[in-house]
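Residues per chain, in single letters:
There are 2 protein chains.
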Amino acid sequence: MTEHEAAIQGDDALAEADRLGLYRVLLSRRDVRGQFLPDPIDDAVLARVLTAAHFAPSVGFMQPWSFILVRSPQVRGRIKAAFEAANTEAASMFDGDKAAVYRSLKLEGILEAPLNICVTCDRDRVGPVVLGRTHIPTMDLYSTVCAVQNLWLAARAEGLGLGWVSIISEPALKEILGLPERVVPVAYLCLGKVSHFFAQPELESRGWRKRLPLADLVSLDRWEGERDEALAAELDRAQAAAEGGGIIP
Amino acid sequence: MTEHEAAIQGDDALAEADRLGLYRVLLSRRDVRGQFLPDPIDDAVLARVLTAAHFAPSVGFMQPWSFILVRSPQVRGRIKAAFEAANTEAASMFDGDKAAVYRSLKLEGILEAPLNICVTCDRDRVGPVVLGRTHIPTMDLYSTVCAVQNLWLAARAEGLGLGWVSIISEPALKEILGLPERVVPVAYLCLGKVSHFFAQPELESRGWRKRLPLADLVSLDRWEGERDEALAAELDRAQAAAEGGGIIP
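Residue numbers (this note's numbering), protein chains in the order written: chain A, 1 to 249; chain B, 1 to 249.
The following block holds chain A by itself, in its conformation from the complex (with noise of 0.2 angstroms):
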């Protein structure tokens, strides 16, 4: 038996607890916003909730990602003036009733919440040929966004609201942050305990937009292609399960 051999687990079967559990974490995550409380994060939570960002996969196991605490809240000022800089750029943007919907969201919890986390990716940590990244060359990129999915999941499962803040422009988180040219922001996310999750993503239950029925969204072989009536007919099911309770049966 190889050494590479001996590395394969005997028993990997999850438990039935499991897989429920990891439908009702993912069910149930929101991006958070206006519900953020200012107690601090206890270090060894915020200790899990990286890990689970740090075991994403990466392309030839680059592990691209680092993760910068913003605690100062000088720092965070800076972050929220460059947010509302490009705040009232985008409100020009929709016309009519979205112009009005727009102006009344709120969209970031920069100072509210007790920790801000940008999600870094650095697209030389291992010089310029990575194993998979050799024809898409933004799947490093991709990598770090599947670190901030794990992380997003992980503070879910630990009470812990993350909300995504995208309304700022690249060139001044990197200004602000101290980012090498090399270095992109890839998610800039305000994290803490939140006094309650809501039942469905905010901009469904403000009628931004509608959730799209799943099975018009999966053909057979090609865009567009044909459609299987049997398994539609599951994805209307499983869908409907997961907008009614949260648990996927």
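Derived by calculation from the structure, the hints in this document are not laboratory data. Certain hints may be false.
[To be verified] One side of the interface only, derived from the structure: several residues of chain B facing chain A at Cβ under 8 angstroms:
(1) I41
(2) A44
(3) P57
(4) Y102
(5) E234
[Claimed, not checked] Per label pair, the in silico range of CB-to-CB distance:
(6) Q200(B) with E16(A): 22 to 28 angstroms
(7) P73(B) with A233(A): 34 to 40 angstroms
(8) P40(A) with P38(B): 47 to 53 angstroms
(9) G244(A) with A13(B): 48 to 54 angstroms
(10) H196(B) with Q200(A): 36 to 42 angstroms
(11) P137(B) with D42(A): 50 to 56 angstroms
(12) G245(A) with T88(B): 48 to 54 angstroms
(13) A230(B) with G178(A): 22 to 28 angstroms
(14) A233(A) with A13(B): 54 to 60 angstroms
(15) E84(A) with P137(B): 32 to 38 angstroms
(16) D97(A) with T88(B): 33 to 39 angstroms
[What the hints assert, rightly or not] Here are the computed lysine to aspartate or glutamate pairs in the EDC-like style, where the Cα-Cα straight-line distance is at most 16 angstroms:
(17) K174(B) with E224(A)
(18) K80(A) with E112(A)
(19) K174(A) with E224(B)
(20) K210(A) with E243(A)
(21) K80(B) with E243(A)
(22) K80(A) with D221(B)
Don't be surprised by glycine CBs; every beta carbon is placed ideally from N, CA and C.
Following the hints, put chain B in place on chain A, whose structure we already have.
For chain B alone, kept in the frame of chain A given last:
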């Protein structure tokens, strides 16, 4: 009470079992290339996994993703040929020991897995102006990656292996699957039951790269900012636990 407030959940604390379940799934997830079994995937299971993807976060609730289920042996044959062409180019980019290891790695399961899925991003799904994408134009691609990571975790929870094939040219993928110009093939995935999951990422156990110490990737308030020693100790502890047994205590 407004309709919006009525959407708030009364009791949204998750059980300890759900928290542990999330971590077990997340830490035992692997990028699978070589252990696929030919057994077909049950429609109900596939529907749950795709529903998990569909409940990912998306910028402006845009839901830009679609899922092309590639079952046709003919289409898979063309994808496999596109992989082979790219992989030959890729192999020539590595030198010395790395070149030999690279050539010995199995990097896809396109023909062996019972199902392939291409997860795409329709950049024009809701028109040109998208809430939250006004300043970072890649946010819709990032949303699609969040859906991929949800899909990957749900697959692991269902006992299915998943491998992301990234050694392939995007133009070739678009041509084979008939994608319009505006649609990006974000991820080409191989999915199916497996004989077993590895305890460690294959690139780690094969010596390609080591897992980095997470504490070295975390800093305060700016790039290469200060280190919080108390937090670093917790990070070391959480990483050791995750590496040791797949559970963060």
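To see whether the hints hold, each was checked on the structure:
1. Taking 8 angstroms as the C-beta cut-off, the interface hint given for I41(B) is violated, the closest approach to chain A being about 10 angstroms.
2. Interface hint status for A44(B): upheld, as the beta-carbon distance to the closest one in chain A is roughly 5 angstroms, under 8 angstroms.
3. A cut of 8 angstroms between beta carbons decides the hint on P57(B): the least distance to chain A is about 6 angstroms, and the hint holds.
4. Hint status for Y102(B): holds, given a least beta-carbon distance of 7 angstroms to chain A, under 8 angstroms.
5. At about 4 angstroms, the closest approach between the beta carbon of E234(B) and any beta carbon in chain A falls short of 8 angstroms, and the interface hint on this residue holds.
6. Taking 22 to 28 angstroms as the suggested C-beta distance range, the pair Q200(B) and E16(A) conforms, at roughly 25 angstroms.
7. Our hint of 34 to 40 angstroms for P73(B) and A233(A) is violated, since their Cβ atoms are close to 25 angstroms apart.
8. At about 52 angstroms, the beta-carbon gap between P40(A) and P38(B) stays in the expected band of 47 to 53 angstroms.
9. Here the CB-CB span from G244(A) to A13(B) is close to 19 angstroms, at odds with the stated 48 to 54 angstroms.
10. At about 39 angstroms, the beta-carbon gap between H196(B) and Q200(A) stays in the expected band of 36 to 42 angstroms.
11. The given range of 50 to 56 angstroms is broken by P137(B) and D42(A), whose C-beta atoms sit roughly 37 angstroms from each other.
12. Taking the beta carbon of each, G245(A) and T88(B) are about 50 angstroms apart, inside 48 to 54 angstroms as hinted.
13. A230(B) and G178(A) have their C-beta atoms about 23 angstroms apart, which keeps the hinted 22 to 28 angstroms range intact.
14. Checked against the given bound of 54 to 60 angstroms, the beta carbons of A233(A) and A13(B), roughly 34 angstroms apart, lie outside it.
15. Look at E84(A) against P137(B): about 20 angstroms separates their beta carbons, and that is not inside 32 to 38 angstroms.
16. A C-beta distance of roughly 54 angstroms is found between D97(A) and T88(B), which places it outside the suggested range of 33 to 39 angstroms.
17. At most 16 angstroms may separate the alpha-carbon atoms for a hinted pair to count; K174(B) and E224(A) meet this at roughly 13 angstroms.
18. Taking the CA atoms of K80(A) and E112(A), the gap is near 11 angstroms; set against the 16 angstroms cutoff, the hint holds.
19. Distance restraint check for K174(A) and E224(B): the Cα-Cα separation of roughly 13 angstroms lies within the 16 angstroms cut-off, and the hinted pair is therefore satisfied.
20. The hinted pair formed by K210(A) and E243(A) meets the criterion: a straight-line CA distance of about 12 angstroms does not exceed 16 angstroms.
21. Annotation: proposed proximity of K80(B) to E243(A) is violated, straight-line Cα distance about 37 angstroms (limit 16 angstroms).
22. Of the pairs offered as hints, the one joining K80(A) and D221(B) holds, with about 14 angstroms between alpha carbons and a cut-off of 16 angstroms not exceeded.
Checked against the numbered hints above, the structure breaks hints 1, 7, 9, 11, 14, 15, 16, 21 and satisfies the rest.
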